[in-house]
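Going line by line, the protein sequences match chains R, S and U.
At position 31 of the first sequence (counting the first as 1) the number is 15 in the numbering used here, and the numbers step up by one without a gap.
In the numbering used here, each residue carries its 1-based index in the second sequence increased by 203.
In the numbering used here, each residue carries its 1-based index in the third sequence increased by 592.
Please keep in mind that the hints were generated in silico from the structure rather than gathered at the bench.
Source: prediction; values computed, not measured.
The C-beta atom is built at its ideal place from N, Cα and C for all residues, glycine as well.
There are no misleading hints in this set.
Heads up, incomplete: computed chain U residues facing chain R, CB under 7 Å, no partners named:
| no. | residue |
| --- | --- |
| 1 | A623 |
| 2 | L630 |
| 3 | F635 |
| 4 | N639 |
| 5 | V772 |
| 6 | I784 |
Within a straight-line C-alpha distance of at most 27 Å, the following computed DSS-like cross-link-like pairs (lysine-lysine) qualify:
| no. | chain 1 | residue 1 | chain 2 | residue 2 |
| --- | --- | --- | --- | --- |
| 7 | R | K(-3) | R | K93 |
| 8 | S | K433 | R | K238 |
| 9 | R | K238 | S | K328 |
| 10 | R | K184 | R | K124 |
| 11 | R | K(-3) | S | K328 |
| 12 | S | K352 | S | K393 |
| 13 | S | K352 | R | K(-3) |
| 14 | S | K264 | R | K238 |
| 15 | S | K352 | R | K93 |
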Amino acid sequence: MQLYINYFAINLKSQMQYKVAFFLLTLGNFLTSFVTLAGVWFMLSRFNEVEGFTFSQIMLCFASMLMAFSLAEGLARGFDTFPRMLGNGEFDRVLVRPRGIVFQVLASKMEFSRLGRLVQSVAVFCYAIPNSGVIWTWDKTLTLCLMVLCGSLIFFGLFVVYAAFSFFTVEGLEFMNILTDGGREFGRYPFSVYGRGVLKFLTYVIPLALFQYYPLLYLLGREQSKLYMAMPVIALIFLIPCYLFFRFGLRRYKSTGS
Amino acid sequence: MIALQNINKIFRVAKRQAGFGRAVKALFSREYEFVHALNDISFTIANGEMVGYIGPNGAGKSTTIKIMCGILTPDSGVCDINGRTPWRDRVAHVREIGVVFGQRSQLWWDVPVIDSFELIRDIYKVEDRLYKTNLDELTALLGIFEILKTPARSLSLGQRMRCEIAASLLHSPQILFLDEPMIGLDAVSKIAVRQFIKKLNRERGTTVILTTHDMQDIEALTERILLIGKGQILLDGGLDELKRHAGQRRTLIIEYNGDAPEIREGMSVNEAKEGRLVITLDPAIMAVSDAIAHIAANTELNDVSVSGASVEEMVAALYREYRI
Amino acid sequence: MKEYRALFRIKFIGGLQYRAAALAGLTTQFAWGFMEILAFVAFYRANPAAFPMEFSQTVSYIWIQQAFLALFATWGVGGDAVESIINGNIAYDLARPMNLYDRWFCEAAATRVARATLRCFPVLILAFVLPEPFRMSLPASAAQFGMFIVSAVLGFLVVCAYCMLDYMSSFYTMTRINLVFAMIGDFMSGQIIPLPFFPRPFQAIAEWLPFASMQNAPLRIYSGNIAGMDAVGCIALQFFWLAILLVLGKALMRRSLRRVVTQGG
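Here chain R stands alone, though its shape is the one from the complex:
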């Protein structure tokens, strides 16, 4: 943990060297999710509701998704930029250091400009939490925390998968964007909006709905079962295959060296 903090400090120090760049990137990141937000706002001011969700309810979903994503992306940037790390040989350095590989990759790069998104998610929460009509008892509060925390871990898992794919192909990685960036973008609406097929896929294959749609139903009082509250925790099982896949990719890297 101490070491992680030290990595944190050195990353922060590095990025503060370029203040203009940092500021512009933060602003840009804020804007990327702001335009999404504006899109949702425009759509909902025209249609009032979708699949029975109102604007402020959708904002709750939007903010939790955004916060989960920006935490994962900011703190685990090393996996997101992993192809570059492989390309310039930095990864070889990781391999000759006596610490866990996943830990080193995780800690080696942090992107603080992603705060732009984080700030926005906080702002949206400030709007949505009082306006969504949810009565915030302890279980509802816990559910919301689980949505963000477990969501963040699932996105982290997806970044690990992304990194693992880059052991095999550097060019073909774009398709992972549909799961990472796409998860964030389409997660602006509860996943039931996209129909039963998509919802099933996001429940059983890539469990994005487990920390978004189902606990949201619990929050809004549409489902009473505590199972819905625990869904985000169940989703964490997904991390196991992610890690195994990374190990598999690493084995291959060590045998081909490229």
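Starting from the known structure of chain R, arrange chains S and U on it as the hints suggest.
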């Protein structure tokens, strides 16, 4: 103790196609070729030895280093370093080695060097007292005290390389791998680094394995040379032995007026231009002095220069000798 | 002109090398389009009367958008230009006897065309054979299709000219990614949601901005949302904005280069 036995490594490489039609074709099918990067490599290095690992580009130097560092797994063969197999006991193994990749940096680019050192200390869990002793000693020997507070990006190549070497030694490794540490260094830094490596080897007994292209590094540093070419160890021995095999050949560069000199047995022409001749000479057949005398007797000379063979030429000569 | 053709060719062939990237890209774009349409289906179901376009028009809009994403996106191309500004290689670029603006424009255009070429056909073919309501429809008439082609070329050029301004901002900020430019362009050109879905006052303003001359114009002309004389007017506006952006870009380039030259790189 480092022991490699019958190490083999084959890479599959995609062929890049040139031209428009081929680029389109490559969209659908791609051809591969197999490169035998290491072919039955075996050698042992005792503790405290200093070894120069040389060979032309693409000969397999880096592949061997990567295997010894645990970055790469060979297809077959045994590699035992201090009783461990590098790619199996990665963490325990790398704790005892230090690695400098000459072309890459391990320092954090935008922060003062000392910050990088401190993070490396934490990564290796170096005790404070040991860290302090090591840091003092390394900064003094490498002359980097003044630049510890400078960000790595503002250092000259020579300064940075000295910091890189210090960074690799903060945890007192028993073995130090230096993969082309001298590339691009100015003369002063080169000498400083060489002296340092010598001292490190002599006083701490650190095993040093050095790859380089520079024959002067080898002459200044190592008693033992491993020469690799096309994935095979061509020679394992002292510098004398290398010279005996190939180093006798001399290159004569002659500038003259008028007619070209007559070529005798033992001389072969490498390059011929109007008024300039590059000749490779085998002193076993014809001594250097005889050759110059012979040429001077028949030709109007403007200039003559004699040089020994470079590593590349020696290796080329060994290739001829082994017919590979 | 010959050197630009050669440059275009090199960049184009270079772009074709990345087959895995293309396959991945078109998978992504297909999935992305599909999800977008599903969301619109839900909104249509919620309140069909509030839907400002015909549903089939929206579907065509999205498929063309995904198929030609590489042509119309306001981000993602131009790495070489920005890189050379930042690492100082621009000094070498200036030594060549080519106008730098034209050269970067040409390179970025070629990269975009190469990417789009690899990706558009599979997406379009799939979009035409999908079942309703996901199937893409043909344009209403040959004239409409002709106007789409003209508008698409113009829209593409407007995007390239806009991105040139983005690259040149690197002269001043010295950063690689200027998301600010990209995101404003993205939203105002109808990448996130088509302009007709904007609330009335917003739409009225947005229609006149240069961003509306990017993907908004060709996509809505193809789908028939803008037709007849409106389409002609739209194309005229595209011409206008293209001219403005080109003049502005060239002037800015001269200024920035003067700055580089006086600072010695």
